[in-house]
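K.L.:
Chains as they are written, first to last, in numbering that gives the first Met the number 0: chain A, 0 to 725; chain B, 0 to 96; chain C, 0 to 538.
No lab work stands behind these hints: they were computed from the structure.
Among the hints, erroneous ones may be present.
As the list claims (entries may be wrong) - Each computed EDC-like pair below joins lysine to aspartate or glutamate, with the alpha-carbon atoms no more than 16 Å apart:
#	chain 1	residue 1	chain 2	residue 2
1	C	K216	C	E168
2	A	K561	A	D528
3	C	K336	A	E671
4	C	K473	A	D215
5	A	K590	A	E558
6	C	K336	A	D675
7	C	K439	A	D569
8	C	K439	C	E523
9	A	K626	A	D478
10	A	K590	A	D569
11	C	K336	C	E475
12	C	K473	C	E393
Said to hold, decoys possible - Partial selection, computed: residues in chain B whose CB lies under 10 Å from chain A:
#	residue
13	V10
14	I14
15	T21
16	R22
17	R23
18	I26
19	V28
20	M30
21	G54
22	V56
23	Q84
24	L88
25	Q89
26	L93
27	K95
Quick reminder that beta carbons are idealized off the backbone N, C-alpha and C, glycines included.
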Amino acid sequence: MFLQEVTGVAHPLTATAARWMWALPLLPLLGFVLNGALSIFSAYHAGPADPGAPEAHGSHDVTGGGHDDHHHVAVRHRFATLTSIIGPGVMVLAFGLAVAIFMAMQRAGPELRTPFIQRYYEWMPVGDLHIDAAFQLDQLSMVMILVITGVGMLIHIFSVGYMQDDPGYPRYFSYLNLFVAFMLVLVMGASYPVMFVGWEGVGLCSYLLIGFWYLDKANADAGKKAFIMNRIGDFGFLVAMFMLWANIGTLEFDGVRGQATALGSNVVTWICLFFFLGCTGKSAQIPLYTWLPDAMAGPTPVSALIHAATMVTAGVYLIARSNFLFALSPTASLTVVVIGALTAIFAASIGLKQWDIKKVLAYSTVSQLGYMFVGVGAGAYVSGVFHLVTHAFFKALLFLGSGSVIFAMHRAYHATHNEDDAQDMRNMGGLRRYMPWTFVLMFVATLAIAGIFPFAGFFSKDEILGTLFIRARGSTLADANWLGIPGGIVLYACYALGLAAAFMTAVYMMRMLIYVFFGPNRSGERERDFLGEAPWIMTAPLIVLGVLSTVGGWLNLPESIKLGRIGLLDRWLEPVVGESTLRITHGAVPKVNLPLEYVLIGVALAIAVAGIIVAWIVLKPADLVPKREAKPEEGFERVLANKYYVDEIYDDTVVRPTVAVSRDLLWQGIDEGLIDTTLVNGIGGSKGIARIVGKIGSLLQSGQVGTYAWVLIVGVLFVLGAFTIR
Amino acid sequence: MLAESLFFSAVLFTIGVVGVLTRRNAIIVFMCVELMLNAVNLTFVAFSQVYGVGGQVFVFFVMTVAAAEAAVGLAIIIALFRHRQTVNLQNVNLLKG
Amino acid sequence: MNGFLSSIGYDRWVLTALLTIPLAGALVLWVQGALGGRSGGADPRTATDEVATGVARAPRVIALLTFLVEFIVSLGLWWAFDPSDPRWQFAVDHSWIPAWGARFTIGIDGMALMMILLTTFIMVLSSLGSWTYIRTRTHSFYALMLLLTTGMLGVFMSLDLFLFYVMWEVMLVPMYFIIGIWGGERRIYASLKFFIYTMVGSMLMLAAIVYLGLAAKNPMNGIPTFSYDYIMRNAAVSPRAALWLFGAFFMAFAVKVPMFPFHTWLPDAHVEAPTAGSVVLASIMLKLGTFGFLRIAVPLFPSAALNDTVRSIILGLAVIGIVYGALVSMVQPDFKKLVAYSSVSHLGFVMLGIFALTVQSVQGALMVMINHGISTGALFLLVGMIYERRHSREIAAYGGIARVVPMFAAMLTFVSLSSIGLPGTNGFVGEFLVLIGSFKTVPIFTVIATTAVIFAAAYLLWAIQRILFNALSKPENEHIADLNVRELLIMAPLVVAIVWLGVYPAPVLRRMQGSAERFVTIVESRSSTAYAGTRGGVR
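Pulled out of the complex, with its shape left as it was, chain A reads as follows (with noise of 0.2 Å):
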């Protein structure tokens, strides 16, 4: 069936559960196909014969699609219950394939030191060009699988109740299941080229997903903003294959490992630098962030597996799987760390004044992916994977979360037919009253993402700094120079950065939670009686996020906190990117420091509980009013309410200028004006040249007969006169 399996010595993996990868994402896809034909033939009704006759009209029920502002279309789709199940169904099953080829790669354990590959066949076999639709499966990639497919699976469970009474109820499920089955092949492509596929496939379904309610053009700006950033990056990603192609003539991971150190260490940097372009557009770093924030417009658990779980995620495991490549370069992870770090604090920093709650949560996932891209770009590849994991737990439990808060809002406007936003931060409070078990397991995710131990941001977020700290001290990216910089000092400057912005992570956090489920309620006498907790369906996943934010810490476990077996993903990971962290050390094995390691941990846990408490002290709930009524910011506030004003620079800076430039000097200045206007039909047009030269020669068409004689006469003449020269 297949092209070749691996040759040479029979992978450990051969004869195992894993040897069924290939349905991992052909599951979802079964899911996308099956409910997206439920989608449309529901809704299609074939037209008349002839559609161009004068009385060829469509049908009158309109149907799916999406409800706009005013007009909520409540009404239960006729295929729910029947969408209901192959949704949730295929990721239950993805999920428990993912869970049995894990435990077969437990089994084989330490055996496992090279990625177990199939190939399928030949997709673009040219001259010496050789792409292969080819899948592997790595202790790295197993990571990835088991969080798309889990929380992913917690979040498609958590849809069914959060999207009940969407008339585009099938549509939703089979987007969502098309983005995992792309997230899955980014994840388990053998090669950059199908890795690109599933790059571009998350894009586009996060495309479809943002602009979901597409009847609201904001909700369609939104998704094509998020689609064409995402492009920008592509560009870099593209080339970066490009000149890896030319240089190398191997597009495979395994391919490129073996011969990176072939590189020019310029060609290396290069290369590294337009995959990092890539991973900006992905995920939302500067300079390409500001579709992130837009895209909250999609549905919330979308927000939840797209946008803070997964598809942002995808930039990280770029770097993580290209570890090879970075760790030959120290400028490009410098970087990386930098571009990191000034996201983080920048990110945080616009979250303090934000009061759409999924907009603080979005900033916030810009600035925790941004924490991740330290981790990676300092040659942590093992903690900032860890911080993805966590991160996952506790930002899908949050996005959750606040989905479960903005149902019970929605439903309370609707029964009382209000018109108020339903996501500000204004018009909530106090609903830890109203929906307790909400309230609880948001409280526990604040903690783990403000890094308190011993919740799960804890550990995570602790071992980037901390191995920042330790990268500064000693490594390649220490000795190197950034932009004549000593490297050294730049990674203390991030790390100073990082902990400002864990600081403010910590604030903005309390701040939501504060605002949101603390102090008098601001949603108005009448809502208060429809406020009430999500039904449980939607609560059971939170429930499960909940229970993995807490113990989700445990997965890597440091020396200095021996809670449990240390280090676990440490070691899962270090065939991967072991050599490559060795690399980055020079070659030694960082010996533990205990005594430094008590004093980082100290110092990053009592930023996070002084931002806790300052937040506590200092943001009073009561002093709050709702939305309506609220006086717009001032000063710095403003700024930071307004995002710094960086989409409108943007827009004026280089929207409108291509737009007017296309525009005014090329279509209507060029190619109308000059080439058409001037040259074409200047030549050959109704007032040309060839027009003019016709009329001059028509002058000699008079019409007269003598005119004609005459002219005869002199011809004669003149041929008789040359024959007698001559």
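Knowing the structure of chain A, use the given hints to seat chains B and C on it.
P.N.:
Okay, now just chains B and C, sitting in the frame of chain A:
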């Protein structure tokens, strides 16, 4: 003898040409064309004195053609007159372009 | 399958049949029209709606059947073609005009094979697409389409330069009429512009062909010869002359591609042409220009193509076309014009691929030619469908119609994604191969061209957002009919092709590999005579 005849023919021919080029009335133009043809006839006869009877034979050809051409040409002028009510050549410029 | 084909002697008659079946169809149409009565004269004021009166039923069925037969006959080529054989396949060689040395020589290789299949495939779909679009003088329309088919196929198959030129010109006249009679408001201007523009280039090409024919003339009796193989091997042409001849061919083909700045006929022609006209124009006729470069201009004059200045200019124009086409596309208010400019952009990729001169980039260029034919053909068909309903091509006339016509919306979105080059669709394969192949030899041009992926997403997504999404603000859009069964039937094979070529393009690539490799070899060896011996002439 020959020189005088040729001179005479040349003069007649030239008068004919000038007439064709300058006269406005189509019928006068035709008369001038006839004049030209006859001048040519005279030339042929003059030369036949020297070179043999072939020239006189050719005169007959020319006369026949002249007659046919006069008939057709006058028919065209009559049709033209019916259409445009004029035989003034300066007004007949339908082919102007 | 191969056994069956050889048992009917397929090799010998297939190409001739492909040229004559459309002519036969046109003949049947003429007879049926004369017997069955069609709507009166050439006066547009008395033309009746033949679709409503049923007069159109016979001609469109006859035409469709002819095209289907044509397609099925051509399908056999897919299996019968032998990718490993370097000679011309299915070749036919007859004497035609001995006094001029023009012979009727036709044959195909890998790239011609795919172009022929694309042509017959698209013609079936465009005849289906005109079912209710063409409402007057239907007999003439379908007859012209059939003639057009013969012309286009002839160009792809010709191995004799004189025949090539004749077929090239045969294409022009039906297209001129199709645009001029059944087109939009400015159709006369558009069709004249198209005709004259193309003619100017063709005239230069004719001069070049005559020169070549004479240069290769038989020394014994002085009769010129136009045989492609013979000229490749034996024509004695000085390097300076080669440059001029290349320039002449360049002018003819550059107008057709269309390359910037010779592209301005395209937006007008596309906008004013009826749906089927636009589809054929975009899907097939544009490819004739690039095919001309691949078959004639470059292989016959490799030193001219390798000349640094010439190459830089052409690559520069190609890249300008890619970016310029994309940017101008973005600001068009008319959707058809938007797609027209996007064709300029896509064909720029093809030119980049050809002149980057690596096997990967040439294969990529060929793939883009096929893919563009499918995706842009699909886009034009969809535009035609919505035009039949609402009689407007202006993007601003729509908005939010995804709710009313979900199937149409799904199709339009999918086809747009293919045009944007989403991996998994056909568009990605071509663009990727072109770019990765070109990067090896002309990296800077390639990087600039890669930025076009951003702009492509921008112009198409913005356009379909304004058409399909946003609020359903106009009441006249609320009752548009969705696609009917026939229209689904048109779109289905296109969708299948898009997915198949995106996921599993290997069979197509394998068939074209040989011709791509030969192309690169000829150019790299800087002479077409180095090629002698491997091509044993006509089989």
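K.L.:
Are the hints correct? Go through all of them and say.
P.N.:
These are the hints, each one checked on the structure:
| no. | hint | in the structure |
| --- | --- | --- |
| 1 | K216/C / E168/C | violated (24 Å) |
| 2 | K561/A / D528/A | violated (49 Å) |
| 3 | K336/C / E671/A | holds (13 Å) |
| 4 | K473/C / D215/A | holds (15 Å) |
| 5 | K590/A / E558/A | holds (11 Å) |
| 6 | K336/C / D675/A | holds (15 Å) |
| 7 | K439/C / D569/A | violated (39 Å) |
| 8 | K439/C / E523/C | holds (15 Å) |
| 9 | K626/A / D478/A | violated (52 Å) |
| 10 | K590/A / D569/A | holds (15 Å) |
| 11 | K336/C / E475/C | violated (23 Å) |
| 12 | K473/C / E393/C | holds (13 Å) |
| 13 | V10 | violated (17 Å) |
| 14 | I14 | violated (14 Å) |
| 15 | T21 | holds (8 Å) |
| 16 | R22 | holds (9 Å) |
| 17 | R23 | holds (8 Å) |
| 18 | I26 | violated (13 Å) |
| 19 | V28 | holds (8 Å) |
| 20 | M30 | violated (15 Å) |
| 21 | G54 | violated (21 Å) |
| 22 | V56 | violated (25 Å) |
| 23 | Q84 | violated (17 Å) |
| 24 | L88 | holds (5 Å) |
| 25 | Q89 | holds (6 Å) |
| 26 | L93 | holds (6 Å) |
| 27 | K95 | holds (3 Å) |
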